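Q: So the protein lines, in turn, are chains A and B. Numbering of the first sequence is given in my numbering, commencing with residue -18 and proceeding in unit increments. Numbering of the second sequence is given in my numbering, commencing with residue -18 and proceeding in unit increments.
No lab work stands behind these hints: they were computed from the structure. Hints may be right or wrong, so weigh each one.
Identical chains blur together in the list; that is why a pair holds if it fits in one copy or across any two.
[What the hints assert, rightly or not] EDC-like cross-link-like pairs, simulated, lysine to aspartate or glutamate; straight-line CA separation at most 16 Å:
(1) K335 with D360
(2) K93 with D293
(3) K349 with D360
(4) K349 with D420
(5) K226 with D293
(6) K355 with E90
(7) K335 with E410
(8) K355 with E240
(9) K355 with D195
(10) K226 with D177
(11) K335 with D177
What you are looking at is a predicted structure, and each value in this text was computed from that prediction instead of being measured.
There are 2 protein chains.
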Amino acid sequence: MIWIASIQCFFGLLSVFVFRDKTFTDFIYPSLLCLILAFFLFIRTNRGEQKKIFFREALAFASFTWILMGVLGALPIMSVTGVSFTDAVFESVSAMTTTGATILTGLDEMPKSFLLYRQFLQWMGGLGIVIFVVAILPMLNVGGMRLLKAETPGPIKNEKLAPRVASTSRYLWLVYLCLTIGCAGSYWLAGMSPFDAIAHSLTTVSTGGFSPYDASMGHFQQPIILVVADVFMILGAISFALHHKLFTARAISGYWQDEETRWFLIALAVFSVILTVLAFNAQTHHSFWESLNQAVFHVVSFMTSTGYGADDLSAWPAATAGFLVAASYLGGCAGSTAGGNKFIRNVITLRILKHQMLQAIHPRAIMKVVYQGKAVTNDVIQAVMSFMLMVAISSMVLTLILMLTGLDFFSAFTAVSACLNVLGPGFGEVSSNFIPVSDTGTWVLTLAMILGRLEYFTLLTLLLPQFWRD
Amino acid sequence: MIWIASIQCFFGLLSVFVFRDKTFTDFIYPSLLCLILAFFLFIRTNRGEQKKIFFREALAFASFTWILMGVLGALPIMSVTGVSFTDAVFESVSAMTTTGATILTGLDEMPKSFLLYRQFLQWMGGLGIVIFVVAILPMLNVGGMRLLKAETPGPIKNEKLAPRVASTSRYLWLVYLCLTIGCAGSYWLAGMSPFDAIAHSLTTVSTGGFSPYDASMGHFQQPIILVVADVFMILGAISFALHHKLFTARAISGYWQDEETRWFLIALAVFSVILTVLAFNAQTHHSFWESLNQAVFHVVSFMTSTGYGADDLSAWPAATAGFLVAASYLGGCAGSTAGGNKFIRNVITLRILKHQMLQAIHPRAIMKVVYQGKAVTNDVIQAVMSFMLMVAISSMVLTLILMLTGLDFFSAFTAVSACLNVLGPGFGEVSSNFIPVSDTGTWVLTLAMILGRLEYFTLLTLLLPQFWRD
Ligand SMILES: [K+]
Ligand SMILES: [K+]
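Please work from the sequences and hints to get the whole structure.
A: Printed below as a string of structure tokens:
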């Protein structure tokens, strides 16, 4: 059931969109291929309908969807821009995972329909990931997300996935659409053209970060546009289930009562202060207000894993890159389109570490790690810590592999972190695009994006031999 | 009791050593100061003798000992070399924690007695840390070291620390001395002068890495010397309790039966193969055997956190630095003088991650993480993971702080990892010594060495307000 619902949704929307663009045969053949594939998959899954579809199938389905969509989405990119298959898949996966890393240059001269296709692909990816993390992950407790169960509405006790996914998808889709329309309207009021407003709203709410311009947000002169982007990037990085709950209840103060959102906003403020001080001291801008605006924008862009740029960061103090990469590791809130560790895990991790120290002082006392007023169970603690360690280990191992392909340490590490955290921009050799990366390196980074987007464990379980045994 | 025993041991040996060197008044005044301080501490602790000394006191004692010894050991360094107080404390703490990072240049021209003092300080530090990790840490379960309890001989059930420390210290001291004598003899047979053999044996067995020469092990031409160093660095990085057990039982095969030692040796082999291939491909040496010898030596030097150098690593491929830093994070075995994460934690962490994936596939199955044939308890799992996360977080935070003091990312990160893992040498700006680091940065790195040496949690608990309340 889930197969059908999601695949139809994906393919339907993709083909509708693709067909609209009548100027490009580049789009028509791939979309026909998609329809044929969808048809066969539909037949296949209809046959298997009787079987109970659960943990294993959900894991496999999520991984294969992203990989398949990545490859299919790559076909128009290849035929329009003439890049290699490797690069096209990288670009397409970068769109579908809302990473926003690019191997293209000269965007400003490309056909508008193609640019909008890229933006739309990212918007679709954002919707897909929200459905995945809100409806599927909590059932699997991947990375400790069982905690979120309490937040999602409706009955949740080990029911079959399909009806749940369908009902959850409906309201998520509504929230997502409202935010996008609000964002596009605000951009337009702030001074963007209608095309720019729509194109950027698609990648702001999805915290994707693709832009139809090489200069990204630096293309626009109005400071107010950065502020609009700030607001909608933050909204896109807050739990969509929470948005829905608070919109229907009309209780805006609920954002501050939610521990995860509260700490996310506090962290944004702290990092903004640090970066403003750094930028202002280095006199990279004309006024304090410009430094503030730019610093806040970049902190929001990196912490929400959007990855928009608006300035030449290499002119900023060297420590800026360090803080921005650290911000991208922290990430946004769970149940949103943002990447990174997510604040629910950051908060729980810090509490576990404090708990460890207290336990060392009072070894016989019985203490609990508390989150949002409830004691966190051992299995959630271990899942959260496993996730965090997986982030550290993946960063280290993938950086080493990229260094073997010839990148220097700084470029390799920032490229890996940009992909794992589905952030987008790197530093050093990969600061403007990922063209300097070798073919092998590009495939490694493509995998890194899927790995990070699917919260590591979803993809990695497929590698275990036990997964394929019965 | 533990206060008195350890302080007397430390101060006694230090003053005996210091007094031996009659040519330098630089040594006499500080050593008098030490004796006076020891006397006052002796009186103070005698008064407090009746109180039960346990967890909190053990934690505080360990931290303060290393800080105090660092400051006191710095005095002769200041007066002999004329460096600032900051730099002298760094050098002294670097010695006491067996880090081996240096802010000195022109070692070859310095007085031999001073150079031997530096080496001896590191040897003392090695002994201190072995007693600390074997006798005290398992009682506190800092970083999951309760697991090691099974390994240490004698009754261990919540007894008072003092008699246990005394009995354990005796055999550790014996093992340490035997290894050092064996190492010095082997160096001498391999062609070193008696002074060089003794000086290097003191910092090989302690995996400290100080050398009386600027070129470190590169000072010697005989390839066989590197092989001798390999053997004794590895022995110094294997659990001393295990050494004692197997020496008395005359069962050399026991090393391979010990899971931690086995994986440590396997990892050494794997990294050696990778580095040999890298070095041989880049043709940095005249022959395959030279590449092999150099690659194995550097892998052993970094993985055991000794930090000896024997070649100009900047001529090696860029990925070399990445692999060596990664090796230093892996570290040696628990209960030895080595730094880093220790293999017992590496092995358990990987098993926990695998366990998480299996649990995602079979959510209802009851599975256990097994180490050395026994199920690992939840509190050990959480302590191990907390330790690993603390390593990652400390590395990130301290790197950011160092970048604020003006270092570039690569230098800052490798400097921090060199200090946290008590390794010694960094890369980039800090590849030959730590002089380019600012004063603030030097203090940060001094703290990092103590933080890493005392397994993070020992020092960090002192920062909790709860520690100081009753
Ligand atoms: K992004
Ligand atoms: K060392």
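Q: All the hints need checking, so say for each whether the structure fits it.
A: So, going through the hints one by one against the coordinates:
1. K335 with D360: between (18 Å within a copy, 14 Å between copies)
2. K93 with D293: Neither way: K93 and D293 sit 25 Å apart in one copy and 53 Å across, limit 16 Å.
3. K349 with D360: both (13 Å within a copy, 12 Å between copies)
4. K349 with D420: neither (48 Å within a copy, 41 Å between copies)
5. K226 with D293: neither (39 Å within a copy, 61 Å between copies)
6. K355 with E90: Neither: 54 Å inside a chain and 64 Å across chains, both beyond 16 Å.
7. K335 with E410: Result: close neither inside a copy nor across copies, 39 Å intra and 35 Å inter.
8. K355 with E240: within (12 Å within a copy, 38 Å between copies)
9. K355 with D195: neither (47 Å within a copy, 57 Å between copies)
10. K226 with D177: Close neither inside one copy (31 Å) nor across copies (73 Å); limit 16 Å.
11. K335 with D177: neither (47 Å within a copy, 46 Å between copies)
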